[in-house]
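Starting from the structure of chain A, add chain B where the hints point.
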Amino acid sequence: MIPSDATLTENGLAPARKGRILLIACGALAREILDLKEANGWDHLDLTCLPAKYHLWPERITEAVTEAVAKHRDDYDDIFVVYADCGTGGLLEARCRELGVEMVAGPHCYSFFEGNDAFAAREEFTAFYLTDFLVRQFDAFVWKPMGFDRHPELIPMMFGNYEKLVYQAQTNDPALDRKAEDCARRLGLAYERRFTGYGDLQTALTRL
Amino acid sequence: MADEEDIILSELDDEELVLQMHDDLYDGLKEEIEEGVRILLDRGWAPYDVLTKALVAGMTIVGADFRDGILFVPEVLLAANAMKAGMAILKPLLAETGAPKVGKMVIGTVKGDIHDIGKNLVGMMMEGAGFEVVDIGINNPVEKYIEALEREDADILGMSALLTTTMPYMKVVIDTMKEKGMREDFIVLVGGAPLNEEFGKAIGADAYCRDAAVAVQTAKDFMSRKHNKLAAG
Numbered sequence: 001m002i003p004s005d006a007t008l009t010e011n012g013l014a015p016a017r018k019g020r021i022l023l024i025a026c027g028a029l030a031r032e033i034l035d036l037k038e039a040n041g042w043d044h045l046d047l048t049c050l051p052a053k054y055h056l057w058p059e060r061i062t063e064a065v066t067e068a069v070a071k072h073r074d075d076y077d078d079i080f081v082v083y084a085d086c087g088t089g090g091l092l093e094a095r096c097r098e099l100g101v102e103m104v105a106g107p108h109c110y111s112f113f114e115g116n117d118a119f120a121a122r123e124e125f126t127a128f129y130l131t132d133f134l135v136r137q138f139d140a141f142v143w144k145p146m147g148f149d150r151h152p153e154l155i156p157m158m159f160g161n162y163e164k165l166v167y168q169a170q171t172n173d174p175a176l177d178r179k180a181e182d183c184a185r186r187l188g189l190a191y192e193r194r195f196t197g198y199g200d201l202q203t204a205l206t207r208l
Numbered sequence: 209m210a211d212e213e214d215i216i217l218s219e220l221d222d223e224e225l226v227l228q229m230h231d232d233l234y235d236g237l238k239e240e241i242e243e244g245v246r247i248l249l250d251r252g253w254a255p256y257d258v259l260t261k262a263l264v265a266g267m268t269i270v271g272a273d274f275r276d277g278i279l280f281v282p283e284v285l286l287a288a289n290a291m292k293a294g295m296a297i298l299k300p301l302l303a304e305t306g307a308p309k310v311g312k313m314v315i316g317t318v319k320g321d322i323h324d325i326g327k328n329l330v331g332m333m334m335e336g337a338g339f340e341v342v343d344i345g346i347n348n349p350v351e352k353y354i355e356a357l358e359r360e361d362a363d364i365l366g367m368s369a370l371l372t373t374t375m376p377y378m379k380v381v382i383d384t385m386k387e388k389g390m391r392e393d394f395i396v397l398v399g400g401a402p403l404n405e406e407f408g409k410a411i412g413a414d415a416y417c418r419d420a421a422v423a424v425q426t427a428k429d430f431m432s433r434k435h436n437k438l439a440a441g
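Sequence order for the protein chains is A and B. Each residue of the first sequence is one higher than the one before, starting from 1 at the first, in the numbering used here. Each residue of the second sequence is one higher than the one before, starting from 209 at the first, in the numbering used here.
No lab work stands behind these hints: they were computed from the structure.
No more than 16 Å apart at the CA atoms, straight line, and that leaves these computed lysine to aspartate or glutamate pairs for EDC-like: (1) B:K434 with B:D414; (2) B:K238 with A:E153; (3) A:K144 with B:E283; (4) B:K309 with B:D429; (5) A:K179 with A:E192; (6) B:K292 with B:E239.
Here are a few chain A residues that face chain B, going by a calculated C-beta distance under 8 Å: (7) D85; (8) G87; (9) G90; (10) T126; (11) L154; (12) M158.
Think of the CB as a built atom: it goes at the ideal place given N, C-alpha and C, for glycine as much as any other residue.
For reference, chain A alone in the conformation it holds in the complex (with noise of 0.2 Å):
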């Protein structure tokens, strides 16, 4: 059973004690890997997941991470970390170099999501990316924390110099496609729906 995303938000997940090898992922990823578990009957691997709103506080997540895997590498044979740099400025990758463990690849999941070549390929830096998860929790990652719902008058000076949001698109499902078309109408931002489907994310969690 997947928890709500508000309780993935601020409490992550706990493991289920189930596979050799255990996940450590941010929780706005949790319902993609579950889901990707379950499609490729992937029995030999276990997910936990930190608080997802560490998105909003890079800075917590390397540490995080390391409390984590000192936690729990006794209980299994092997830890990969789904995350990718996410704000760290390399100090993640650094610290995983270190405990031993390896990480997803990439900038970032919106990176990931889309292949990290391609994505870098693109050079698409006046888009803000918003995935499956970010979409259906706009409020809690964007707008409030932002403060737009108590000062609109600091959308433009947050985000002026972005042209578009980008819905990375991980499922097909038009009410999250109609959503997040509202969020790039509430940014002032051009919208552009792409499918990523679970892109390298996938192909890295299936060499496991």
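Just chain B now, kept in the frame of chain A:
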């Protein structure tokens, strides 16, 4: 709340007014800041004193609370907007009254990066501290940095990046400065959310600055060292 609405700025004495302006900056009250600045000027305050004692001192409190996790980006932006409005009144007067100039900085966000909130805050606080700031905007290729540094005869280069993918470009700029034999002519300060001190050292910057307050202090320290060196030489 009702008490706050009852405060009439012009009825406060100087000390109370300055403290009230610190509160108003903290609350991002742009119009109140503009009014406070005008009142102090009308009372004969030097523009430089209004800037430093009312605006910069107030913004320093905002910066400290941001650093300590008490305030967040939206509140800081509102405060910055209020300060900017106050500075807009003071700027022409500062130029006329010959306020002290500490140094000159060229600042810009690196190529491939459009994020400028941090850069703008640093620029504003540097101006508040008496630096002349030439803001070259966002998405700057190395040529634009070099051209601006040479054209402006600046003392300091400030580079900003928000993305892990764009921060390595700072090294491209610094390496180009070295190739052109101009690296030692400038103090290079770098900043941005994913950066850290180690990165700053690795790319050959003079310092990584965690926030606007640190940037101002670091720039002042480097400028005074530069002056001491010149005096000794």
